[in-house]
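Chains as they are written, first to last, in my numbering: chain A, -5 to 162; chain B, -5 to 162; chain C, 111 to 612; chain D, 111 to 612.
Hints in this document: simulated from the structure, not taken from any laboratory. A hint or two may mislead.
Each computed DSS-like pair below joins lysine-lysine, with the alpha-carbon atoms no more than 25 Å apart [said to hold, decoys possible]:
| no. | chain 1 | residue 1 | chain 2 | residue 2 |
| --- | --- | --- | --- | --- |
| 1 | B | Lys0 | D | Lys347 |
| 2 | D | Lys521 | B | Lys56 |
| 3 | C | Lys583 | D | Lys466 |
| 4 | D | Lys583 | C | Lys466 |
| 5 | C | Lys148 | A | Lys128 |
| 6 | A | Lys56 | C | Lys466 |
| 7 | D | Lys583 | B | Lys4 |
| 8 | C | Lys148 | A | Lys103 |
| 9 | D | Lys466 | C | Lys521 |
| 10 | B | Lys128 | D | Lys148 |
| 11 | D | Lys514 | B | Lys128 |
| 12 | D | Lys583 | C | Lys148 |
| 13 | D | Lys148 | B | Lys103 |
| 14 | A | Lys128 | C | Lys299 |
| 15 | A | Lys103 | C | Lys466 |
| 16 | D | Lys466 | C | Lys148 |
| 17 | C | Lys113 | D | Lys514 |
| 18 | D | Lys148 | C | Lys521 |
| 19 | C | Lys148 | D | Lys148 |
| 20 | B | Lys128 | D | Lys561 |
| 21 | D | Lys148 | C | Lys466 |
| 22 | B | Lys128 | D | Lys226 |
| 23 | C | Lys583 | A | Lys56 |
| 24 | C | Lys514 | D | Lys583 |
| 25 | C | Lys583 | A | Lys0 |
| 26 | C | Lys182 | B | Lys25 |
| 27 | A | Lys0 | C | Lys514 |
| 28 | D | Lys561 | B | Lys0 |
To list a few chain A residues with every Cβ distance to chain D over 10 Å, as calculated [what the hints assert, rightly or not]:
| no. | residue |
| --- | --- |
| 29 | Lys0 |
| 30 | Glu2 |
| 31 | Ala21 |
| 32 | Glu28 |
| 33 | Phe67 |
| 34 | Val97 |
| 35 | Val105 |
| 36 | Asp130 |
Even glycine gets a Cβ: it sits at the ideal position worked out from N, Cα and C.
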Amino acid sequence: MAYEIKIEDKIRNIEILSRDGNYYQIAIDNKVYELDIIEVEQGVYSVLHENSSFNVELVENKGSKSYIVNTFFSSFEVDIIDAEAKYQLNRRRDDGDDGNVIVSPMPGKVVKVLFKEGDAVKAGQTVVVVSAMKMDSEYKVKQDRTIKRILVKEGDTVSGDQPMVILE
Amino acid sequence: MAYEIKIEDKIRNIEILSRDGNYYQIAIDNKVYELDIIEVEQGVYSVLHENSSFNVELVENKGSKSYIVNTFFSSFEVDIIDAEAKYQLNRRRDDGDDGNVIVSPMPGKVVKVLFKEGDAVKAGQTVVVVSAMKMDSEYKVKQDRTIKRILVKEGDTVSGDQPMVILE
Amino acid sequence: MIKKVLVANRGEIAIRVMRSCREMGIETVAVYSDVDRKSMHVRYADEAYHIGPAPSAESYLRMDRIIEAAKKSGADAIHPGYGFLSENATFSALCEKEGIIFIGPSPHAIETMGDKITARKTMIAAGVPVVPGTTEPVRDIKTALEVIRKIGLPVMIKASAGGGGKGMRLVKNEEDVVNAVSAARSEAKAAFGDDAVYIEKYISSPHHIEFQVLGDKHGNIIHLFERECSVQRRHQKVVEETPSPIMTPEVRAKMGEAAVAAARAVNYYGAGTIEFIVDDNLNYYFLEMNTRLQVEHPITERVVGVDLVKQQINIANGLPLSYKQEDLRQHGHAIEVRIYAEDPDNNFMPSPGLIKHITHPLGFGVRHDGYAYEGYEIPMYYDPMISKLIVWAETRREAIARLKRALFVYKITGVKTSIPYLRRILDVPAFIEGRYNTHFIEENQEYLQPKRTCSERAVDIAAITAFVDYINKLERLQPPATEKQLANNWKDFGRKRGVLRF
Amino acid sequence: MIKKVLVANRGEIAIRVMRSCREMGIETVAVYSDVDRKSMHVRYADEAYHIGPAPSAESYLRMDRIIEAAKKSGADAIHPGYGFLSENATFSALCEKEGIIFIGPSPHAIETMGDKITARKTMIAAGVPVVPGTTEPVRDIKTALEVIRKIGLPVMIKASAGGGGKGMRLVKNEEDVVNAVSAARSEAKAAFGDDAVYIEKYISSPHHIEFQVLGDKHGNIIHLFERECSVQRRHQKVVEETPSPIMTPEVRAKMGEAAVAAARAVNYYGAGTIEFIVDDNLNYYFLEMNTRLQVEHPITERVVGVDLVKQQINIANGLPLSYKQEDLRQHGHAIEVRIYAEDPDNNFMPSPGLIKHITHPLGFGVRHDGYAYEGYEIPMYYDPMISKLIVWAETRREAIARLKRALFVYKITGVKTSIPYLRRILDVPAFIEGRYNTHFIEENQEYLQPKRTCSERAVDIAAITAFVDYINKLERLQPPATEKQLANNWKDFGRKRGVLRF
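Hey, can you work out the whole structure from these sequences and the hints?
Rendered as structure tokens:
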């Protein structure tokens, strides 16, 4: 069965043509690879391709279909696009939700909330300040917006990827 | 609920008197400990007792009720004796099976089987030779015995704790 | 003699100190905040005392609780590490009053060197070169203008009470002088409640070179040569090395003498560091003294062969120094890089979180000082430094090659780290040639950008491996196809139920 | 110049060699047997070639397959590591014939030093002291008796073709001579098909001290001082250190000269080791030459500061040595211990198996050379050595303290290791005092027995922790108590189902 997979913002077709133990024949777009792929540590694979040795480290990103893949000094985001993911992708596109939420990209502590619900904010203004590891990060809006909801208050601890403010 | 626990071949009574998060009050025989016990890595616990810091490493031994416990340079076998274990213990005692089986204590390769089924062997004679890591280990009988069954043949790979020969 | 040391710190430095204590047969006591119960220093110590909530002000900076823990544990000495209370004269004095040995310098030395203007005056009196500028705080524009005319432009105007870049102004042109002085003064007033400023010659191509010193309580002071710390990002050191690639034996000898003179001026005992600013012509000026162990002390340990923490403890014990200046040599070259939990490709955003996996590079010439372990969650309350990687080799060139080799296999997953960024620094021509100053990072932004270094094949393999992992997981979740397999799976399940751990 | 090296080995030494290659910008090729697909050397190398089934004779000793892999990969050189093909003159010659550089000595040197009697003759000719004894194989009793009368008892009778203790007989009393010679000859005949023996003076309190040498292809030969290797169990080295605690500068200089003379006698190039047997009065006798890198080479690297693998590669490239004898010094003290997968408390039974968890001691003066990782299964087919821990300090005393500190936190779970045994060695008075010979282990059995070092409290805490773990596991398996919890658990389950990894 063929799947779609997203890497470096490109969607590519991928299919396992055959498998024998840790030997795989896999097509990505129209290129066919013969590979020896074996999990050596939890989440770490050793891959041999035409005798070249690759160490590939997988870290789950957001759920089981989304990976951060580290190999050499490069890091890639890889998403497996199955039927469910396609549905989610379409739905999200309709909502256009992403631009309307200020999300904390890392765990930290909210040190300042500079507006309240209903306030109008100008492009470039800081809405929330989050502190982590002795460093303050300011979260700004890119365009003029109105604040719909504020989900955190000063002193709150936020986790990574937690929505903090919803914009109109 | 009180349990029995075996350590250093002594059976002791153990009971959790109270627990609050990682703070435990535990009685072992008649001694009561107040402890801060927290799992820090998989199978590794940090224990604080009256501010003394202990690192305790647990490795499963034979099944989930049997542990090898490492702390400092000492290693202990610890067995939790619940109802099932008690039953097993009694049954085994009746069978007296243990002395009748030559078991390989480590993974290795059978390089020599010196007798065949039905043979009589004299005390001190080697029955099987197993090789692992460039070293040969000889398995002997302690008394005069007769060989009932041989479960391995030369060239076989054996795992740890695998029965190799059954004696009469 | 000291028998038990409380380490009033956390992270890698707490463990660093405890390691030397253990080698000396000294017992160790850790203190920890709410979020540090699982931290390695608590696990490594013989004893551990809880001292308060996560914020430093409520735990690691609480002198009363630390002293209380020291008394309860019977510790006869406190090692402050770096940061936190390490340069706090009040704490040093408090320890003394409570009859606990403070493993560090006297309150007098901390105090004198802690105040920029007093330090500067003391240095001038001791004949240590300082950056040309004012010796007294300047409180009016007129004096400021006179001074600037005397020193010559460019100058730097700094808040007397300041730190962290606040109240600092660089003035290059005559017409900006009045505005800059006013602005610096009002900023200083706002930030520190004191509008005193001082004015210094601005060194346009500055190197940050520091000298390690050791002094005992008998008046003996030696230096352990220099450390080159010019690779800095926002005044934060990123890479340190010794010897400095721009140093000459003559200047080293002179600077070493100046460093010893600087320490002697405050009757210094303990380990300390004299920071100099050095221009391209190797003119050097006293910048400040750090009256504690530095983060980058391991490169000196490696090249000179001296365990600085043990020296600190011996000095605190009142022992005379066991080295004479002429016994000491630099052997080979050492480089340290600091690994931070931060995302270098996203504006160095801090990246606290759960460490999933660590692979340490090992082998010849590689030292690690760290505290993280697999399953440890790096808290968001403290410094983002996870570890320090120190390499040594016979030559600078070989040390860089070794560092590249080490960074290549150094993997920390779960949090973002500065490892890829550090790797890029090692490819910058100015670094390779050893011709860099504190503007290095700024001037080499282009080289330091993330680059696509991967082949098409590597990208394909990354995608394929993720896919294979996904498919394997799917298969494991799939219900088994046949009855027989089902039976086997139940057997497996039974087995697994009994054996939870792999 | 060499651009790509095939490493014809596995385990820690394969990785050790590859590290230096990487630092030199040389590509690396691994070879592996069936059971080594997951081995670290395959993961560390740039390329990897499968060469056969698990038994060494069918893989790591298969010259044809290794040469084939070298050709397929385009490797221009082969590094043999130690063991396997490293002292095989045929392989060295085969490489030469196939136009591949063998990173090691000439077939002539390997051959000459590989045969005990030829080596002995060569040494006598070169003026290197050898243990008094026969120079020609002895094939009859009469000659044997004459020789023994000349040398004086005690003597050792050894099979000429032998090794591994086979055909060896110690004779202390006159009346045993005839029997011992006959027995040794027939044993030699049976084991090696050759009944030639040779007879040597037996040194009753022997120290095993070896000298590292380096020679280039231009006739330059230097030594890198000694390694003390007297701590041996069944002729297997367990602990090595440098400098030797019994060495004097005068004897060191003389032995160093003898080592260089020994190497020069076979026109030696590459890295090699001259093993000496030394008595309590520091009389030294040539024992044998190892024409390869030694397991214990890191202690020399640390104390002398030279990367021996890089030197091997430079020599193979035909470069002249970059050091002169007078450039070299010993700085401080280094000790290596070998960590084996074996159960020291159960007759050193090998303990292959799955590594569950490793904690590496880090910090100042600590080096690791290993190859195991968490989740790796140590195969049963090869040497049980998992890693080497090397410490350095200014003094021997401090090095022992550092080693204790390092071993204290070094944890490898899943397999039994020699770590507790090594720790006990460090507490034996004869070791602490540096007064030991090759009988050390035998003579100190009492100290080396497992001891109960734990307090009652520690035993209680061990039991309690296991119990708490068990109870927690039980709770996780228990069905939830209320409906609400049930609902939550299902939610959790759904979440976990999606995210299998922690």
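Taking the hints in turn, this is what the structure says about them:
no. : hint                    : in the structure
1   : Lys0(B) <-> Lys347(D)   : 38 Å, violated
2   : Lys521(D) <-> Lys56(B)  : 21 Å, holds
3   : Lys583(C) <-> Lys466(D) : 22 Å, holds
4   : Lys583(D) <-> Lys466(C) : 22 Å, holds
5   : Lys148(C) <-> Lys128(A) : 21 Å, holds
6   : Lys56(A) <-> Lys466(C)  : 15 Å, holds
7   : Lys583(D) <-> Lys4(B)   : 24 Å, holds
8   : Lys148(C) <-> Lys103(A) : 20 Å, holds
9   : Lys466(D) <-> Lys521(C) : 19 Å, holds
10  : Lys128(B) <-> Lys148(D) : 21 Å, holds
11  : Lys514(D) <-> Lys128(B) : 29 Å, violated
12  : Lys583(D) <-> Lys148(C) : 20 Å, holds
13  : Lys148(D) <-> Lys103(B) : 20 Å, holds
14  : Lys128(A) <-> Lys299(C) : 24 Å, holds
15  : Lys103(A) <-> Lys466(C) : 23 Å, holds
16  : Lys466(D) <-> Lys148(C) : 20 Å, holds
17  : Lys113(C) <-> Lys514(D) : 18 Å, holds
18  : Lys148(D) <-> Lys521(C) : 18 Å, holds
19  : Lys148(C) <-> Lys148(D) : 32 Å, violated
20  : Lys128(B) <-> Lys561(D) : 28 Å, violated
21  : Lys148(D) <-> Lys466(C) : 20 Å, holds
22  : Lys128(B) <-> Lys226(D) : 24 Å, holds
23  : Lys583(C) <-> Lys56(A)  : 15 Å, holds
24  : Lys514(C) <-> Lys583(D) : 44 Å, violated
25  : Lys583(C) <-> Lys0(A)   : 18 Å, holds
26  : Lys182(C) <-> Lys25(B)  : 24 Å, holds
27  : Lys0(A) <-> Lys514(C)   : 31 Å, violated
28  : Lys561(D) <-> Lys0(B)   : 20 Å, holds
29  : Lys0                    : 18 Å, holds
30  : Glu2                    : 23 Å, holds
31  : Ala21                   : 24 Å, holds
32  : Glu28                   : 14 Å, holds
33  : Phe67                   : 14 Å, holds
34  : Val97                   : 19 Å, holds
35  : Val105                  : 30 Å, holds
36  : Asp130                  : 31 Å, holds
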